[in-house]
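**Student:** With chain A's structure known, arrange chain B on it following the hints.
Listed in order, the protein sequences are those of chains A and B.
Heads up: the first sequence begins at 1 in my numbering, then just goes up one per residue.
Heads up: the second sequence begins at 329 in my numbering, then just goes up one per residue.
No lab work stands behind these hints, which were simulated from the structure alone.
Note that beta-carbon positions come from the ideal geometry of N, C-alpha and C, so glycine has one too.
So these bits of chain A aren't anywhere near chain B, every CB distance computed over 10 Å:
{"id": "1", "residue": "Leu34"}
{"id": "2", "residue": "Ala35"}
{"id": "3", "residue": "Met80"}
{"id": "4", "residue": "Arg82"}
{"id": "5", "residue": "Leu101"}
{"id": "6", "residue": "Tyr110"}
{"id": "7", "residue": "Asn112"}
{"id": "8", "residue": "Glu136"}
{"id": "9", "residue": "Ala160"}
{"id": "10", "residue": "Glu169"}
{"id": "11", "residue": "Leu191"}
{"id": "12", "residue": "Gly194"}
{"id": "13", "residue": "Gly226"}
{"id": "14", "residue": "Pro241"}
{"id": "15", "residue": "Gly283"}
So the derived label-pair ranges between C-beta atoms look like this:
{"id": "16", "chain 1": "B", "residue 1": "Lys421", "chain 2": "A", "residue 2": "Arg294", "range": "21 to 29 Å"}
{"id": "17", "chain 1": "A", "residue 1": "Ala35", "chain 2": "B", "residue 2": "Pro588", "range": "39 to 47 Å"}
{"id": "18", "chain 1": "B", "residue 1": "Thr425", "chain 2": "A", "residue 2": "Asp293", "range": "21 to 29 Å"}
{"id": "19", "chain 1": "B", "residue 1": "Ser521", "chain 2": "A", "residue 2": "Lys189", "range": "45 to 53 Å"}
{"id": "20", "chain 1": "B", "residue 1": "Ala462", "chain 2": "A", "residue 2": "Phe295", "range": "23 to 31 Å"}
{"id": "21", "chain 1": "A", "residue 1": "Lys326", "chain 2": "B", "residue 2": "Trp487", "range": "55 to 63 Å"}
{"id": "22", "chain 1": "A", "residue 1": "Ala143", "chain 2": "B", "residue 2": "Thr425", "range": "33 to 41 Å"}
{"id": "23", "chain 1": "B", "residue 1": "Pro524", "chain 2": "A", "residue 2": "Ser83", "range": "25 to 33 Å"}
Chain A stretches covered by chain B per the calculated footprint, using a threshold of three residues with CB under 8 Å from any CB of chain B:
{"id": "24", "stretch": "59-67"}
{"id": "25", "stretch": "89-100"}
{"id": "26", "stretch": "124-133"}
{"id": "27", "stretch": "286-300"}
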Amino acid sequence: MNEALTRLEAADFINRSFKPLPRTYGDALVEAALADPRIVALCADLVPPTETDRFRDELPERFHNVGIAEANMIGMAGGMARSGEIPFCHSFCAFVTKRVLDQITMQAAYPNLPVKIVGFLPGVATLLGVSHQAIEDVAILRAVPNMAIFEPSGPEYHAAMVKMALDWEGPVYLRMKRPEKTPAAFTAKELRIGKGVIRCQGSDLTIIAAGLCVAEALKAGMELAGDGISARIVDMASLKPIDSNLILSCAAATGAIVTAENHNVIGGLGSAVAEILADEGVGIPFRRVGVRDRFCEGGTTPYLMRKFGLDAPAIADAAREVMQKKSG
Amino acid sequence: MRAKHNLAELEAVATRLRLHVVNMVAPSGQGYVQQGLGAADIFTSLYFFEVRMNPADPAWPERDRVFLTTAHNTAIFYAALAERGFFPVADLKTYVTDGSRLEINSSERMGKFVEATCGSLGQGLSVAIGCAMAAKRRNRASRFFVIMGDGEMQEGQIWEAAMLAGAEGLDNLCLIVDYNFVQSEGPMNLVMSLEPLMDKMESFGFACQEVDGNDIGALLAAYDTARATAGKPSFIKANTLMGKGVGCLEGLMFHQLRFPPAVADAARTELEAQL
Numbered sequence: 001m002n003e004a005l006t007r008l009e010a011a012d013f014i015n016r017s018f019k020p021l022p023r024t025y026g027d028a029l030v031e032a033a034l035a036d037p038r039i040v041a042l043c044a045d046l047v048p049p050t051e052t053d054r055f056r057d058e059l060p061e062r063f064h065n066v067g068i069a070e071a072n073m074i075g076m077a078g079g080m081a082r083s084g085e086i087p088f089c090h091s092f093c094a095f096v097t098k099r100v101l102d103q104i105t106m107q108a109a110y111p112n113l114p115v116k117i118v119g120f121l122p123g124v125a126t127l128l129g130v131s132h133q134a135i136e137d138v139a140i141l142r143a144v145p146n147m148a149i150f151e152p153s154g155p156e157y158h159a160a161m162v163k164m165a166l167d168w169e170g171p172v173y174l175r176m177k178r179p180e181k182t183p184a185a186f187t188a189k190e191l192r193i194g195k196g197v198i199r200c201q202g203s204d205l206t207i208i209a210a211g212l213c214v215a216e217a218l219k220a221g222m223e224l225a226g227d228g229i230s231a232r233i234v235d236m237a238s239l240k241p242i243d244s245n246l247i248l249s250c251a252a253a254t255g256a257i258v259t260a261e262n263h264n265v266i267g268g269l270g271s272a273v274a275e276i277l278a279d280e281g282v283g284i285p286f287r288r289v290g291v292r293d294r295f296c297e298g299g300t301t302p303y304l305m306r307k308f309g310l311d312a313p314a315i316a317d318a319a320r321e322v323m324q325k326k327s328g
Numbered sequence: 329m330r331a332k333h334n335l336a337e338l339e340a341v342a343t344r345l346r347l348h349v350v351n352m353v354a355p356s357g358q359g360y361v362q363q364g365l366g367a368a369d370i371f372t373s374l375y376f377f378e379v380r381m382n383p384a385d386p387a388w389p390e391r392d393r394v395f396l397t398t399a400h401n402t403a404i405f406y407a408a409l410a411e412r413g414f415f416p417v418a419d420l421k422t423y424v425t426d427g428s429r430l431e432i433n434s435s436e437r438m439g440k441f442v443e444a445t446c447g448s449l450g451q452g453l454s455v456a457i458g459c460a461m462a463a464k465r466r467n468r469a470s471r472f473f474v475i476m477g478d479g480e481m482q483e484g485q486i487w488e489a490a491m492l493a494g495a496e497g498l499d500n501l502c503l504i505v506d507y508n509f510v511q512s513e514g515p516m517n518l519v520m521s522l523e524p525l526m527d528k529m530e531s532f533g534f535a536c537q538e539v540d541g542n543d544i545g546a547l548l549a550a551y552d553t554a555r556a557t558a559g560k561p562s563f564i565k566a567n568t569l570m571g572k573g574v575g576c577l578e579g580l581m582f583h584q585l586r587f588p589p590a591v592a593d594a595a596r597t598e599l600e601a602q603l
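Chain A with its partners taken away, still in its complex shape:
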């Protein structure tokens, strides 16, 4: 082998630095599979990008790379689930939801089978552009009966995602983001199905966020504190079923709500919160932060979060707006 050649290594393309990445989700899935022989993993030709390389190497008899063929993967998963297995199906968010909606509906959701759908590259968070962005996946799957949707706010919660997926008896969609570095030591709060988590107490308004927007909301909260605004921050990792009680109690306690999500403002977290408030006749100042019903583009994640109004300053602006409405 020529010398230049030995310096070249295969690397996965969501890893900009080409350093080995932590496998917070993949490790948790392997641990779960070692404890539960019903768990199998399917992947549509994106093994390291979906953290399933360890599963492939350690449990090869329970791992299938089905090729670039997502529809077949979901159908196969339905068959496996009918046969007593718990298949976890992996690809990017865009391909494992939108592309295979009918297969998910008929072969996983209607028969209420434990097909666990795991997507990476949530929302705008990819260099790969519109084809690989999923800004409508939560809206689409929220409308599918029996389906649960969970989204972690960071790698600290990836192990909890696997547990929640297994705790829900039917089909689940996990909306994952691969960590770019090893997470700092962090005491994770317990996540439960149908429960939001208050990550920061506050009394003037509540920011309900999910996924990448939770960290941005926490930053916005600090910025707002500097202006004398006390923001309560809720991590709504369980997007469906959603925590109606917490939403209503936050509305009552703080009198204003901002939602923040790495998703279109139509149909996702903001819509879910609005539906609950409207159903209960709660009329309070309210703003949705998210992609403003437009297509995005490829770029680095911080650039895209800023450009499309999903970052801390955008959330803080929305918070100031609801505060103004509240006082006016």
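**Tutor:** For chain B alone, kept in the frame of chain A given last:
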């Protein structure tokens, strides 16, 4: 009757395109060097000889259309478009930087010369077929070329589309598979083999040819045959060598590769010597 091509000139174009690929991917390491080098002769033979298009009027209704369905193979695609005059060569420097329209996956927001947005694999052939059928209905002489990846043929939609193209006898359609034998998780035979691919496409009603996809003369001859074939869509299995033209990269079979500066420099020197 078409003018005879000048092979030496076209080969020089291909080398220039390869040099662009190296220069575009080197700064960030983002992009597909191997695939770009491997497909340079397909792009050259299409964009610099076979395909009728007008850079001054990219939306010219009578144009031939090229659909790049492996929309991630953009370093070579953008290099070809820029050298062909669709946008300034200087823009290539912005490849995969925040805010640039030269994204890793090509998008039609760039202009009419991106015939469809195809980063989600398996969709482009159907679009090309739709365009080809509409052209038939309008008695247009345009031809429709699809550059497809081999791994992409695992998508079921490809076979739905192929079945229809065969059944319709769409002879204005020419499907070129850039057969470099590598998909994201490795060599195709280890993931899911397509073979016997020629037999499959033949049975779907295509007129099939297999060529060295790094031989511009052979590619042009195959397009001639395709153009002369009535009543059937054409399928060209173009066997390409990943990294073609740069000794230390040739045959390295990885979907994504580190591209350290020293390797980029060596590649640049080697390609410049070929000019």
